[in-house]
Amino acid sequence: MRAIKTVNGNAIPLNRADVDTDQIMPKQFLKRIERSGYGPFAFFDWKKDPSFVTNNPAYAGAPIMLAQQNFGCGSSREHAVWGLEDMGITAVIAPSFADIFRNNCSKVGLLTIELPQEDVDYLMSRAEELPGGNITIDVASQTVSVSGTAWSRHFDIDPFVKHRTLNGLDDIGLTLQHADDISKFEESRPALKPDTSRAFTDSLKIG
Amino acid sequence: MPKTIIEKIWEQHVVRTHPGEPDLLYIDLHLVHEVTSPQAFEGLRLTNRKVRRPDLTLATVDHNVPTTDRSLPNPDPLSAQQLETMRQNAKDFAVPLWDIFDLRQGIVHIISPEQGLTQPGMTIVCGDSHTSTHGAFGALAFGIGTSEVEHVLATQTLTQMAPKTMSVEVTGKLAEGVTAKDVVLAIINKIGVDGGVGHVIEYRGEVIRSLSMEGRMTVCNMTIEGGARAGLVAPDEKTIEYLKGRPYAPTGEEWDKAVEAWNALVTDEGAKFDTYVELKGEEIAPHVTWGTTPAQSVPITSSVPKPEDAVSAAAKETAERSLVYMDLKAGTPIEEISIDRVFIGSCTNGRIEDLRAAAAVAKGRKVASTVRAMVVPGSGPVKMQAEAEGLHQIFLDAGFEWREPGCSMCLGMNPDILLPGERAASTSNRNFEGRQGVGGRTHLVSPEMAAAAAIEGHFVDIRRWK
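Top to bottom, those sequences are chains Y and Z. Note that this note's numbering has the first sequence beginning at 4, numbered continuously upward. Note that this note's numbering has the second sequence beginning at 4, numbered continuously upward.
Be aware that one or more of the hints could be misleading.
Between beta-carbon pairs, the in silico distance windows are [claimed, not checked]: (1) Y/A143 to Z/K260: 43 to 53 Å; (2) Z/P336 to Y/D124: 52 to 62 Å; (3) Y/N18 to Z/P418: 30 to 40 Å; (4) Z/K260 to Y/A6: 21 to 31 Å; (5) Z/T50 to Y/D124: 37 to 47 Å; (6) Y/S191 to Z/H21: 50 to 60 Å; (7) Y/S155 to Z/D330: 37 to 47 Å; (8) Y/H166 to Z/T50: 19 to 29 Å.
Derived from the structure by calculation, the hints contain no laboratory data. Beta carbons are placed, not taken as given, at the ideal position from N, Cα and C, and that holds for glycine.
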């Protein structure tokens with residue numbers, strides 16, 4: 004996972020609620036077996052509308068996306084996160100996020116920052132009026148601030164996610180440090196639990 | 004201290020707990036499919052890691068498979084490549100795979116319960132948000148992303164923060180013609196698409212108890228559409244009866260021991276949930292979605308709502324967008340909405356009980372000349388059972404297409420899609436923009452309502468329609 008200490012740049016104002024991952028990464032691109040190259044497919048159908056916000060050259064290369072509540076709802080497809088990552092997004096700021104999407108972001112190294120509705124609305128209208136407006140996110144101090152103004156807000160982040168984000172730590176590597184705990188747990192696991200490697204000849208009871 | 008069933012299952016699976024860190028949770032069953040796993044297996048290769056417990060892992064192919072004759076070459080080279088990748092990964096990492104010609108192949112959330120792999124008290128994950136389905140058996144089951152798929156493959160664990168708990172109680176009785184699908188659509192309508200964020204739900208109450216295992220799976224399946232990652236129903240006699248004799252269920256002395264452990268999986272008297280929601284069964288009518296989120300639904304007797312009646316400015320704006328996309332006018336009675344396509348199937352409503360219900364409606368009738376309707380069984384065994392009961396003949400005689408098992412038009416990754424502007428009555432779980440095909444318009448309904456709509460060419464109230 005990539006390490007993130009600060010994010011600095013302008014923000015894309017995607018002023019919609021309940022943006023689902025089917026919109027962020029439509030199904031036809033889920034057939035790819037690669038991990039990279041999803042950026043051009045992000046918001047594929049919405050982008051067909053010339054007035055869609057990501058088509059505005061003023062926001063090209065912006066590292067931050069602003070959105071409304073429940074961003075990333077629906078399908079668990081991590082391809083949605085890979086698409087945002089590949090289009091250059093390092094942080095999304097919204098009033099709330101869907102659970103699976105948020106989790107996926109934390110594994111990839113994409114910040115999901117929850118701010119109160121009025122703060123998101125302020126940043127949103129500012130980004131709509133001033134496409135070049137500059138926002139700085141500092142992970143260590145957990146602040147979002149607007150360049151050239153005194154506006155600054157604190158955000159919450161899970162301390163473990165913060166630690167991993169600042170240091171770019173591999174989640175699996177961290178867990179494998181506890182391999183002994185896992186083995187110990189396995190020894191005491193009830194033997195009753197099903198084993199998928201068993202084979203059966205009669206498997207057609209339906210109900 | 005009294006505990007909820009959610010807390011009990013959680014505690015039984017904690018491998019390691021440390022202040023300031025998420026718990027390390029053991030996973031009893033990891034279900035894998037072709038779409039969300041290729042990059043996870045590739046990650047294992049790049050880091051020289053193995054699958055820790057292939058014996059707790061099961062792979063199948065479902066999202067991307069054609070539902071037409073499978074002896075013919077796959078018409079889509081990308082899809083064929085993804086299926087081939089699944090085969091190669093299963094082989095390289097010694098993971099059991101129920102492939103396309105395996106009798107047990109089908110939608111991942113249907114085949115695992117069907118074979119008795121899904122059991123009470125287990126932790127079950129899959130790279131698919133509808134993994135919540137398995138909660139019907141009193142299992143803690145949730146969807147994960149591909150990074151987490153790789154994590155589970157490598158370690159058989161996940162790092163997870165303990166969730167908040169929500170009690171959703173549905174009291175009383177359901178009216179004739181009102182199904183599990185209508186119950187869950189009513190719940191989502193009440194709590195909203197993000198009402199369950201951060202929570203695991205326990206579904207409780209007389210109505211939930213009265214549902215069959217299939218019905219409980221339908222309710223748990225759509226938990227994620229209300230924002231909660233997992234939802235479950237405490238096991239009871241129906242759960243035990245369903246599991247008995249299934250291939251992967253315990254036998255003999257082990258069965259008795261297992262049943263004893265399952266019977267202890269109840270929420271203790273006096274245990275507290277973080278959030279409480281209550282619905283009255285008598286007040287639930289057959290539901291139809293009108294918009295582009297699963298919360299945008301109304302009873303069949305209503306009309307398309309007016310955006311100005313929305314609870315907030317944001318909801319009004321969302322409703323306006325939805326109406327434009329759906330090409331609907333506020334105030335139109337739901338029964339006057341005509342449809343072009345009908346899809347009966349998916350992990351929500353592709354089980355044998357769903358097909359029986361739809362066939363009972365279709366029997367001796369004909370699909371309207373303006374409608375193309377298709378039935379896609381959820382699994383190989385569901386298809387065989389339906390054929391043994393003659394259901395396929397009822398559907399074929401009525402003019403429905405009868406297909407091979409898979410996810411099909413629920414997400415339209417295979418050729419089963421809506422064309423731009425087409426309107427569908429669908430038994431699936433998501434009415435998002437473009438979900439079933441770019442520009443397609445989806446209305447979510449129960450199998451009975453979908454079959455009746457196929458015959459009439461528009462929505463009808465199944466309670467009054469004979």
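Consistency of beta-carbon spacing, Y/A6 to Z/K260, with hint 21 to 31 Å:
About 49 Å separates the Cβ atoms of Z/K260 and Y/A6, which means 21 to 31 Å is violated.
Starting from the range 43 to 53 Å, see whether the pair Y/A143 and Z/K260 falls in it by beta-carbon distance.
Distance hint for Y/A143, Z/K260 holds at roughly 52 Å.
Using the beta carbons of Y/S155 and Z/D330, state whether their distance is inside 37 to 47 Å or not.
Given about 45 Å between the Cβ atoms, the range holds.
A range of 50 to 60 Å was offered for this pair. Does it hold for the Cβ distance of Y/S191 and Z/H21?
Between Y/S191 and Z/H21, where Cβ atoms are some 19 Å apart, the hint is violated.
If I claimed the Cβ atoms of Y/H166 and Z/T50 lie 19 to 29 Å apart, would that claim hold in this structure?
21 Å, holds
Between Y/N18 and Z/P418, does the C-beta distance stay in 30 to 40 Å?
With Cβ atoms ~35 Å apart, the hint holds.
Go ahead and decide if the range 37 to 47 Å is satisfied by the Cβ distance of Z/T50 to Y/D124.
Roughly 43 Å apart at Cβ, these two residues keep to the hinted range, so it holds.
Cβ distance range 52 to 62 Å for Z/P336 and Y/D124, holds or violated
Roughly 37 Å apart at Cβ, these two residues miss the hinted range, so it is violated.
Checked against the numbered hints given earlier, this structure breaks hints 2, 4, 6; the rest are met.
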